[in-house]
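> This is what each chain is made of:
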Amino acid sequence: MQAKEIAQSQLDSKLLEEIENKTHTKVSACFQCLKCSSGCPLAYEMDYLPAQIIRMVNMGLRDEVLRSRTIWVCASCETCTTRCPNDIDIAHVMDALRETALRSGKAETEENLRHFHEAFLSAIKTWGRVHELQMIGMYKLKTGRFMEDADIGKEMFKRGKIKLLPETTRGRRAVKRIFKKTS
Amino acid sequence: MKVAYYPGCSLHGTAEEYDESTQMVCEALGIELKELDDWSCCGATSAHCTNDKLSVALAARNLALAEKGQHKTLTVPCSACFQRLKAADYRMREDKQLAGEIVSLIEMPYAGNIEVLQIIQILAQPEIVEKIRVSVKKPLKDLKSVCYYGCLTVRPPKVTKVGDYEDPMYMDVLMETVGADNRFWSYKTECCSGGLAMARSDITKRLSGVLLTMADEADAECVVVSCPMCHANLDTRQNALLAEGKIPRKMPILYVTELLALAMGIKEVGALWSKHLVDPRPLLSSKGLA
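Each protein sequence line maps, in turn, to chains D and C. For the first sequence, position 65 (counting from the first letter as 1) is numbered 65 according to the working numbering, and the numbering increases by one without interruption. For the second sequence, position 132 (counting from the first letter as 1) is numbered 315 according to the working numbering, and the numbering increases by one without interruption.
Calculated directly from the structure, the hints in this document are not laboratory data. Hints are not guaranteed to be accurate.
Pairs of lysine-lysine, PhoX-like flavour, derived with a Cα cap of 25 angstroms [as the list claims (entries may be wrong)]:
id : chain 1 : residue 1 : chain 2 : residue 2
1  : D       : K125      : C       : K321
2  : C       : K429      : D       : K181
3  : D       : K176      : C       : K236
4  : C       : K433      : D       : K154
5  : D       : K180      : C       : K470
6  : C       : K236      : D       : K22
7  : C       : K470      : C       : K321
8  : C       : K279      : C       : K251
9  : C       : K251      : D       : K154
10 : D       : K140      : C       : K388
11 : D       : K22       : C       : K341
12 : D       : K106      : C       : K429
13 : D       : K26       : C       : K251
14 : D       : K125      : C       : K251
15 : C       : K341      : C       : K279
16 : C       : K371      : D       : K35
17 : C       : K236      : C       : K279
18 : D       : K180      : C       : K251
19 : C       : K185      : C       : K255
20 : C       : K279      : D       : K22
21 : C       : K344      : D       : K22
22 : C       : K429      : D       : K180
23 : D       : K158      : C       : K251
24 : C       : K185      : D       : K35
25 : C       : K344      : D       : K35
26 : C       : K371      : C       : K388
27 : C       : K279      : D       : K181
28 : C       : K279      : D       : K26
29 : D       : K176      : C       : K251
30 : D       : K14       : C       : K236
31 : C       : K470      : D       : K154
32 : D       : K26       : C       : K450
33 : C       : K388      : D       : K26
34 : C       : K388      : D       : K142
35 : C       : K217      : C       : K279
36 : C       : K344      : C       : K371
37 : D       : K181      : C       : K344
38 : D       : K163      : C       : K217
39 : C       : K433      : D       : K158
40 : D       : K158      : C       : K388
Just so we're clear, the structure is a prediction, and the values are computed from it rather than from any experiment.
Isolated chain D (complex conformation):
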């Protein structure tokens, strides 16, 4: 990564504490061994490596971290968390950063991934279970990518893997209340 000058005023001393409190993981224990980054299957897609994100959280580079592509293309495979010698739950830190980015309106890149999460959760909120067709429909309306993977969708529909009608559960109102109370 290219060296960049950072002004003291850019640093947010509260970020580290905030993320450590949210994740119950000691982000400050990182000694930059890079095991997380060398084993990361998505490293090639990232603007900052996982170890760099951890360093940036330690330094308090709030905006850079929350606006990064890394936090969205992380696939939550948990390889980093599993291999960290300092027991830092890096995958969980990524979760906390995504949530913080969303709640503070700072999420910037990979909008389609956020549309996917939104469509997926909306189906659960409605029925208590995922209804693939509603989820796909909502995602396509949001993104306008109607023809993408249409061939695969057709093959899955033909095989009865995508249902016309949703399956629901008696507890869907209880599920809806969970959504309401955590929104």
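Starting from the structure of chain D, add chain C where the hints point.
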């Protein structure tokens, strides 16, 4: 043996063949699966990626239902659901304050008395393996397989409690028990990209292309899986991958339970082959298995 059963949304939709073959195999082995009454979605990747409390609560609701139904063990065939339920249980054990908040969110108590097991952890128990061994009617002789576990059955080990998380053997033991020519390979627990498939299919194609190429390098003819996301990511994109020259050939992706049912001579499994995008019938017929 009585076990509560959490199918999860995929097994009632995109992965029906996993649900049906799991039920066939368990019935034949005397494992009584009792579907969890009123189960709801575990929240999957999208919940934990965007809302921490929501993700724990959606999963915990199902743990509480299992406890309410007086079950001891809850089995989950989907690796993603399995890991979300395990993670909710782990988080509530580790953090009593969070546990209190979750109980009030789900409006149900949860004492933490449910053991969550991935279905392959049950099937690979030594006494069940012995039962499988004596029920084999059609050994999968000459069927060259590699077993692919993906991420969420094994990681992170502090949550999953899996000991051999870098080299799990559950499915390998099962495939060897039913006589398959099971291969070793180094990609058992590599990532298929999971829930990125819809919004970033380019990533899914790249990661699944590597897996399929390495399976071919190991001289396998099929990949054996135990996760509906892994299945979809490996099964559905092979036409494009082949056309782009990213994989040497197409290869069927089979659920471990489908192959167990086949070896145990359960005829009904034959109806499931047409559910796959890469048709496994030519391969199975060439081995005299279908």
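> With a cut-off of 25 angstroms on the C-alpha distance, tell me whether K251 (chain C) and K154 (chain D) pass.
violated, 40 angstroms
> For a C-alpha distance cap of 25 angstroms, please report whether K371 (chain C) and K35 (chain D) respect it.
holds, 19 angstroms
> Given the hint that K433 (chain C) pairs with K154 (chain D), test it: the Cα-Cα distance must not exceed 25 angstroms.
holds, 19 angstroms
> Checking one constraint from the list: CA of K388 (chain C) to CA of K142 (chain D), max 25 angstroms. Satisfied?
Roughly 23 angstroms separates the two Cα atoms, so the pair holds.
> Hinted pair, alpha-carbon criterion (25 angstroms max): K125 (chain D), K251 (chain C). Please report holds or violated.
Cα-Cα ~23 angstroms, so holds.
> Starting from K180 (chain D), check that the Cα of K470 (chain C) is at most 25 angstroms away, please.
violated, 54 angstroms
> With a cut-off of 25 angstroms on the C-alpha distance, tell me whether K279 (chain C) and K26 (chain D) pass.
holds, 19 angstroms
> Check whether the Cα positions of K158 (chain D) and K251 (chain C) lie no farther apart than 25 angstroms.
This hinted pair is violated, its Cα atoms lying about 38 angstroms apart.
> Between the alpha carbons of K388 (chain C) and K26 (chain D), is the straight-line distance 25 angstroms or under?
Violated, because 35 angstroms separates the two Cα atoms, which is more than 25 angstroms.
> Take the C-alpha atoms of K181 (chain D) and K344 (chain C), compute the straight-line distance between them, and say whether it is at most 25 angstroms.
violated, 31 angstroms
> For a C-alpha distance cap of 25 angstroms, please report whether K429 (chain C) and K181 (chain D) respect it.
violated, 46 angstroms
> Below or equal to 25 angstroms on CA atoms is what counts here, so check K279 (chain C) against K181 (chain D).
holds, 19 angstroms
Hints 1, 2, 5, 9, 12, 13, 22, 23, 24, 31, 32, 33, 35 and 37 from the list above are not met by this structure, while the remaining hints are.
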